[in-house]
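Q: Each chain, letter by letter, is given below.
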Amino acid sequence: MRFQTVRDSLIQLLGDLSFGNFRVLGYPEHRQDSRALSGLDRVVQVFYSGGEFPLSEGSSFGYSCHHVEFALNLMVSGYAECDLSVIENSNSTPSEIRDAIADSMITGQKVDESLDDLINLVYQIIMGADHSDLGDNDPVGSRWVNKIKKDPPVSHGDMVVATAVMTLTCKLEESLTGLDVTECESISMELDTGDEAQTGIETT
Amino acid sequence: MGSLRAEIESDLAETLEDDFGMDVTLIDPDGNTQVVSGQVSYTTKGVDPDTGGIVILGQTCVAVRISSLTRVPQIKERWVVRVPSSPVVGAALETYMLDEPVEHGRSIGFLRLYLRKAEQSA
Numbered sequence: 000m001r002f003q004t005v006r007d008s009l010i011q012l013l014g015d016l017s018f019g020n021f022r023v024l025g026y027p028e029h030r031q032d033s034r035a036l037s038g039l040d041r042v043v044q045v046f047y048s049g050g051e052f053p054l055s056e057g058s059s060f061g062y063s064c065h066h067v068e069f070a071l072n073l074m075v076s077g078y079a080e081c082d083l084s085v086i087e088n089s090n091s092t093p094s095e096i097r098d099a100i101a102d103s104m105i106t107g108q109k110v111d112e113s114l115d116d117l118i119n120l121v122y123q124i125i126m127g128a129d130h131s132d133l134g135d136n137d138p139v140g141s142r143w144v145n146k147i148k149k150d151p152p153v154s155h156g157d158m159v160v161a162t163a164v165m166t167l168t169c170k171l172e173e174s175l176t177g178l179d180v181t182e183c184e185s186i187s188m189e190l191d192t193g194d195e196a197q198t199g200i201e202t203t
Numbered sequence: 000m001g002s003l004r005a006e007i008e009s010d011l012a013e014t015l016e017d018d019f020g021m022d023v024t025l026i027d028p029d030g031n032t033q034v035v036s037g038q039v040s041y042t043t044k045g046v047d048p049d050t051g052g053i054v055i056l057g058q059t060c061v062a063v064r065i066s067s068l069t070r071v072p073q074i075k076e077r078w079v080v081r082v083p084s085s086p087v088v089g090a091a092l093e094t095y096m097l098d099e100p101v102e103h104g105r106s107i108g109f110l111r112l113y114l115r116k117a118e119q120s121a
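Chains G and X are the protein sequences, given in the same order.
For the first sequence, numbering that gives the first Met the number 0 assigns the number 0 to the initial residue and increments by one for each residue that follows.
For the second sequence, numbering that gives the first Met the number 0 assigns the number 0 to the initial residue and increments by one for each residue that follows.
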């Protein structure tokens, strides 16, 4: 169905325009090996979360209008931040260390700001004027981010994780194509039984 | 035999500072440094919010004896704590920040500090 191609186009669009600011799960150019995961501090994941087919906007024999809802899960994780060049320098004076501690950023605050930044980046991509088709070549109707919900930061060991869900709605044209099944060809085999050839087993 | 509190202090000195102890550097908000011996653990159990299952998380936690401290961390104070990256003797020090409430252990004479790893600021 069309929502599947639009979902994949959306993943591709976000991945193409991430420019290293975040990672998109499912984006083909990012291999998820352990080294990649170790720096995985801002992640976007796209889900098809549901849809509706209003009876007044469709036909059981032709095209139907699909009111689609995508959920974009945004996740940010991080550590605290401070000037380690001062803290870890044995020649630093107490007053220098005091200033470095005062200027440090605790984890919850840093992660929350990073999540806000990620929301902005994803929103600008999705709602950009050039991306009204969400990266698909066919038109997408009524593209709209109608809700963003942030959850409070949660401790995960010595790091903090913050998540948000951005809800994207749009309208797609769906058509009934039937099941896409390819029939196998029949192959005739002739078995040589000695005196005369006979048509024997037919395999499919 | 001394009082129960004296017994507890003696036990803490043995369990947190003797053979089990590791050097821990505590830096208070005024930039003053104190090095004490404490017990360091590197992992803890947690609940995976996606699955509800129990997972092992990296969580560095330091337990120190209050009577060994020249200044005791208070709620909402921002401290820096440096601990060895592993229990191996001579392991490099890692820098953490204390931005979680300190676990109550004051009535029995110890503090447990849950630490957040610190990265270089931009």
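Hints are computed from structural coordinates only; laboratory data are not their basis.
Careful: at least some of the hints might be erroneous.
Claimed, not checked - Derived CB-CB ranges, DEER-like:
id	chain 1	residue 1	chain 2	residue 2	range
1	G	89	X	36	55 to 61 Å
2	G	15	X	73	48 to 54 Å
3	X	1	G	102	45 to 51 Å
4	G	146	X	73	49 to 55 Å
5	G	102	X	5	28 to 34 Å
6	X	57	G	48	28 to 34 Å
7	G	70	X	90	39 to 45 Å
8	X	73	G	150	28 to 34 Å
Claimed, not checked - These stretches of chain X come out as covered by chain G in the derived footprint (C-beta under 8 Å, 3 or more residues):
id	region
9	10-23
10	54-60
C-beta atoms are modelled at their ideal positions from N, C-alpha and C, and glycine is treated no differently.
Q: All the hints need checking, so say for each whether the structure fits it.
A: Consistency of the hints with the structure:
Between residue 89 (chain G) and residue 36 (chain X) the C-beta distance comes to about 20 Å, which lies outside the given range of 55 to 61 Å. In this structure the supplied range 48 to 54 Å holds for residue 15 (chain G) paired with residue 73 (chain X), their Cβ-Cβ distance being about 49 Å. Checked against the given bound of 45 to 51 Å, the beta carbons of residue 1 (chain X) and residue 102 (chain G), roughly 47 Å apart, stay inside it. Evaluation of the 49 to 55 Å hint for residue 146 (chain G) and residue 73 (chain X) yields a failure: the beta carbon distance comes to about 41 Å.
Residue 102 (chain G) and residue 5 (chain X) have their C-beta atoms about 43 Å apart, which leaves the hinted 28 to 34 Å range violated. Checking the proposed 28 to 34 Å range against residue 57 (chain X) and residue 48 (chain G) shows it holds: the Cβ atoms sit about 32 Å from each other. A beta carbon spacing of about 43 Å between residue 70 (chain G) and residue 90 (chain X) agrees with the range 39 to 45 Å that was offered as a hint. Here the CB-CB span from residue 73 (chain X) to residue 150 (chain G) is close to 29 Å, well matched to the stated 28 to 34 Å.
By the rule of at least three residues with a Cβ nearer than 8 Å to a Cβ of chain G, the coverage given for the region 10-23 of chain X is violated, with 0 such residues. Counting residues of the region 54-60 of chain X whose beta-carbon sits less than 8 Å from any beta-carbon of chain G gives 4, enough to reach three: the coverage restraint holds.
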